[in-house]
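Student: As a plain string of letters, each chain reads:
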Amino acid sequence: GAGVSQSPRYKVAKRGQDVALRCDPISGHVSLFWYQQALGQGPEFLTYFQNEAQLDKSGLPSDRFFAERPEGSVSTLKIQRTQQEDSAVYLCASSLVGAGGDQPQHFGDGTRLSIL
Amino acid sequence: QKEVEQNSGPLSVPEGAIASLNCTYSDRGSQSFFWYRQYSGKSPELIMFIYSNGDKEDGRFTAQLNKASQYVSLLIRDSQPSDSATYLCAVKSFQKLVFGTGTRLLVSP
Chain P
8 GAGVSQSPRY KVAKRGQDVA LRCDPISGHV SLFWYQQALG QGPEFLTYFQ
58 NEAQLDKSGL PSDRFFAERP EGSVSTLKIQ RTQQEDSAVY LCASSLVGAG
108 GDQPQHFGDG TRLSIL
Chain Z
1108 QKEVEQNSGP LSVPEGAIAS LNCTYSDRGS QSFFWYRQYS GKSPELIMFI
1158 YSNGDKEDGR FTAQLNKASQ YVSLLIRDSQ PSDSATYLCA VKSFQKLVFG
1208 TGTRLLVSP
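From first to last, the protein sequence lines are chains P and Z.
At position 72 of the first sequence the residue is numbered 79 (our numbering), and the sequence of numbers has no breaks.
At position 32 of the second sequence the residue is numbered 1139 (our numbering), and the sequence of numbers has no breaks.
Mixed in with the good hints, there may be bad ones.
[What the hints assert, rightly or not] Calculated pairs, BS3-like style, for lysine-lysine (alpha carbon to alpha carbon, straight line, at most 30 Å):
| # | chain 1 | residue 1 | chain 2 | residue 2 |
| --- | --- | --- | --- | --- |
| 1 | Z | Lys1174 | P | Lys64 |
| 2 | Z | Lys1163 | P | Lys64 |
| 3 | P | Lys18 | Z | Lys1163 |
| 4 | Z | Lys1174 | Z | Lys1163 |
Hint data in this document are derived by calculation from the structure and do not stem from the laboratory.
Only a predicted model underlies this, so the values are computations on that prediction, with no experimental measurement involved.
Construct the complete structure from the given sequences, taking the supplied hints into account.
Tutor: As structure tokens, this is what we get:
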């Protein structure tokens, strides 16, 4: 299908390891978002890209979290020195337009991260 | 006060009944509102969005928005067991979405 694709679907890491999560948005979607969803909670915003520019990273919980989208398409969310509290589902979403538009966001299936 | 509030439920309704899901938000300047459905272990799926005061209907779903009361709701008519899921209300703040915790809906046969 032509939806948002995320990989891996599941990731288990030991505390202290670095992890990288990938998101491939819907083709042609300008905006890309990362959210973190803890069990029983709604998704919480992490960061937002318009093309390759990271316009908002106010939701990143610490400097261990880093996201990039170097060519304005695929994005990677990297978490360094993982901690148990990083265990969550990481959702990527994309939408058609950037600032000023009101296109809805479409979500990928997420990456379920478990830190042991 | 959380930015977006929903009753976590569960809301239990019999098959064929109308399910009413409610959401309040704190930012009076909010303009765009979204309802997502999330099955257990799955990603949020967009059901409806609404920007203007009043009702917006799409099949069995009706979204209602009252900006003066800072209230948005989702009605599901002729509820089916397959509608059993968590329903997330989201409000657009600048570009990001701010979600409620979701209301779990259970439709019994």
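Student: Taking the hints in turn, state whether each one holds.
Tutor: Hints, verified against the model:
1. Z/Lys1174 / P/Lys64: holds (29 Å)
2. Z/Lys1163 / P/Lys64: violated (33 Å)
3. P/Lys18 / Z/Lys1163: This hinted pair is violated, its Cα atoms lying about 40 Å apart.
4. Z/Lys1174 / Z/Lys1163: Given pair Z/Lys1174, Z/Lys1163 holds - Cα atoms ~14 Å apart, limit 30 Å.
Against the hints set out earlier in the document, violations occur for numbers 2, 3.
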